[in-house]
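*Asks:* Residues per chain, in single letters:
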Amino acid sequence: MIISVMSKDRPGIIASITGAIFKLNGDVADLNQSVLCNYLSMILSVSFPENVNKEDLIAAISHIETECRFEVSIKEISPEEEKVQPPEETYIMTVQGPNRGGLVHGISQFCYDYNINILDLVTTLKDDQYTMALQLDLKNCTVSLKQIQEALEEYSKQSGQNVMMQHSDIFQVTNEVTFH
Amino acid sequence: MLRSDQIIATVEMIQKENLDVRTVTMGINLLDCRGESVQSTCENIKKRINTLAGNFVPTCDAISRKYGIPVVNKRISVTPIAFVGAGFKRDGFISIAKSLDEAATDIGIDILGGFSAQLEKGMTATDREFIAALPEAIAETDKICASVNIATTQKGINMDALAMMGTTIKELAERTADSGGFGAAKFVVFCNQPGDNPFMAGAIHGLEEADAVLNVGVSGPGVIARSLERLIDNHPENGTLQLDELAEEIKQTTFRVTRCGELIGRAVSKSLGIEFGVVDLSLAPTPTIGDSVGEIFKILGVDAVGAPGSTAILAMLNDAVKKGGIFASKTVGGLSGAFIPVMEDAVLAEAVGNGSLCIEKLEAMTCVCSVGLDMVAIPGSVDSDTISAIIADEMALGMVNSKTTAARLIPVPGKEAGEHVSFGGLFGASPIIEVKNAGQSGRFISWGGRIPAPIHSFKN
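Those protein sequences? They're chains A and B, same order as listed.
Following numbering that gives the first Met the number 0, the numbering of the first sequence begins with 0 at its first residue and continues without gaps.
Following numbering that gives the first Met the number 0, the numbering of the second sequence begins with 0 at its first residue and continues without gaps.
Derived from the structure by calculation, the hints contain no laboratory data.
Heads up, the beta-carbon is just placed ideally off N, CA and C, and yes, glycines get one too.
You may find that some hints are simply not true.
Heads up, simulated SDA-like pairs for lysine to any residue below, C-alpha to C-alpha not over 25 Å straight-line [said to hold, decoys possible]:
1. A:K22 - A:P85
2. A:K74 - A:N50
3. B:K97 - B:G34
4. B:K88 - B:N28
5. B:K65 - A:M0
6. A:K156 - B:P69
7. B:K65 - B:G272
8. A:K145 - A:T177
9. A:K156 - A:F109
10. B:K250 - A:L30
11. B:K329 - A:T177
12. B:K65 - A:N139
13. A:K22 - A:L39
14. B:K360 - B:E418
15. B:K329 - A:E88
16. B:K65 - A:C110
17. B:K45 - B:D31
18. B:K329 - B:E207
19. A:K22 - A:M0
20. A:K145 - B:K269
21. A:K145 - B:A61
22. B:K414 - B:N436
23. A:K138 - B:R265
24. B:K250 - A:V176
25. A:K125 - B:N237
26. B:K250 - A:Q171
27. B:K65 - A:D112
28. B:K46 - B:E208
29. B:K65 - A:M163
30. B:K321 - B:R229
31. A:K82 - A:L30
32. B:K269 - A:P86
33. B:K142 - B:R89
34. B:K65 - A:P85
35. A:K138 - A:E79
36. B:K322 - A:F178
37. B:K269 - A:E88
Coverage of chain A stretches by chain B, computed from C-beta distances (three or more under 8 Å per stretch; other residues unrestricted) [to be verified]:
38. 37 to 44
39. 123 to 136
40. 169 to 176
Whenever a hint applies, use it, and build me the whole structure from the sequences.
*Replies:* Below, the structure written as structure tokens:
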């Protein structure tokens, strides 16, 4: 099951949600959470015994005593869907430039135009400079790497943003001690 | 995912600070290419290079594109040719040089090194033929670099061979007088020459090596310079930054630079199915502004390169580069240290021009860094014995200190100290340096024989 939870941030949210899962003999395989503007969003991948269904879980979460409401959505997925192959080659794209509207949309539309999947996206705004770091999967990209680099150069010129894309191995070897 | 500040730091290193892989050099063994005649040997050599390195340049370019890091030079080093051509005469060696040049052109590389001999103890009849062939072989080819190893800590200095080097270099420069004596820039004399150095002009594929290996030379003085500037500018407590912190910054930056080189080298090696050799962690400048070793001296506190303190700075720099690189790479080799090639470094060349850097200070600095008197343009009027004697001093430094030293001197025909010479491209340009006391060393060079190995070489 994939569970998504959104709530105003406070201490104890993860303890409460995973407590409800634990009572139903659920096993948390993966959890990702982030806090933005004092709101927490969390996504979990959990496996349950066969006799537990979506309604049982919603009931268990609704019984949690909390001062702020959890917005929960749950998706039951097949075992095949769970088996996600990690991408073989990931690339890191960085976009830097003065802040203005439409920046995230611009670069994400660029990726979509070439069927590039965005695996992760982090943005920071500092001194009116907007920086985006995207982790990309180019597996199903419709054109060659050379053509993408050329298209990015053009995008960089037209948008006035400084755009770079490099293989993620470069970032790993320069920032980690272990050589993969 | 990695932290975004780590990502941005790496991006800056590549984009703004001239990070590149300076050279990927394929070492190729040619010993078994020996045929019954010069002609069959030449054919075997060309065939071997084509077979092993036919896809070398496109493979490097593809890997470079994949990782987004430029691989500046793709080069080949071969078994020292004096071994391959044992028994051949002068003309035979010239033919081999021309065949190597053709092979280099065929596979699309710019330089091939290994037109070389190892003469540190004695010279064979073949070695003498090889030396006689050297000026014409290098002057008549475009892409061939030559080197001789004339001294080692174990064997001492071969002064008979060394006496011949002054005349060889002068002849090489004179044969290429039209281009300012450029031929001499393709010839280097070594003490303790490594067999796995990927940098030219002194790259060879040593006799101790496997049939083919890939060695990588990483560089990045620009990356080091910018990271030091950032540390100095952003240091929170003004006036409290000390040299050990600066050394630490150099070490950490070198770690990153070396990692990139190793990654690219191993990818090329895997793709070509050729064994990975070593990463050479050298700080090699290029004439490009912002890619200078000389600039680092100024950042680290001397206002003129060559001012007192310059040698100490270089010692610290060289050591920090080695420390950072050795932990980053699985296999380190070659020269591994800072280079100070005058013509190839705009700031060093400027220091020669304004008189702050003299040949004596350069010699002192080579005691604590890699290589030696590298790419130093001297007046064409300096006599051959003086050139040999300058090389002898440099060889003595290497021999006694158990390190590699080298001399690549260019006596520029028809020009005197203060005049300017330019070779263009990576070979750079500089004013001609003054050589004091020229003509005073003839009696010393005429002795011949050998300077015995130092006492500390007897370790058995």
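*Asks:* Which constraints among the numbered hints does this structure fail? Numbers only, ascending.
*Replies:* 1, 5, 8, 10 and 38
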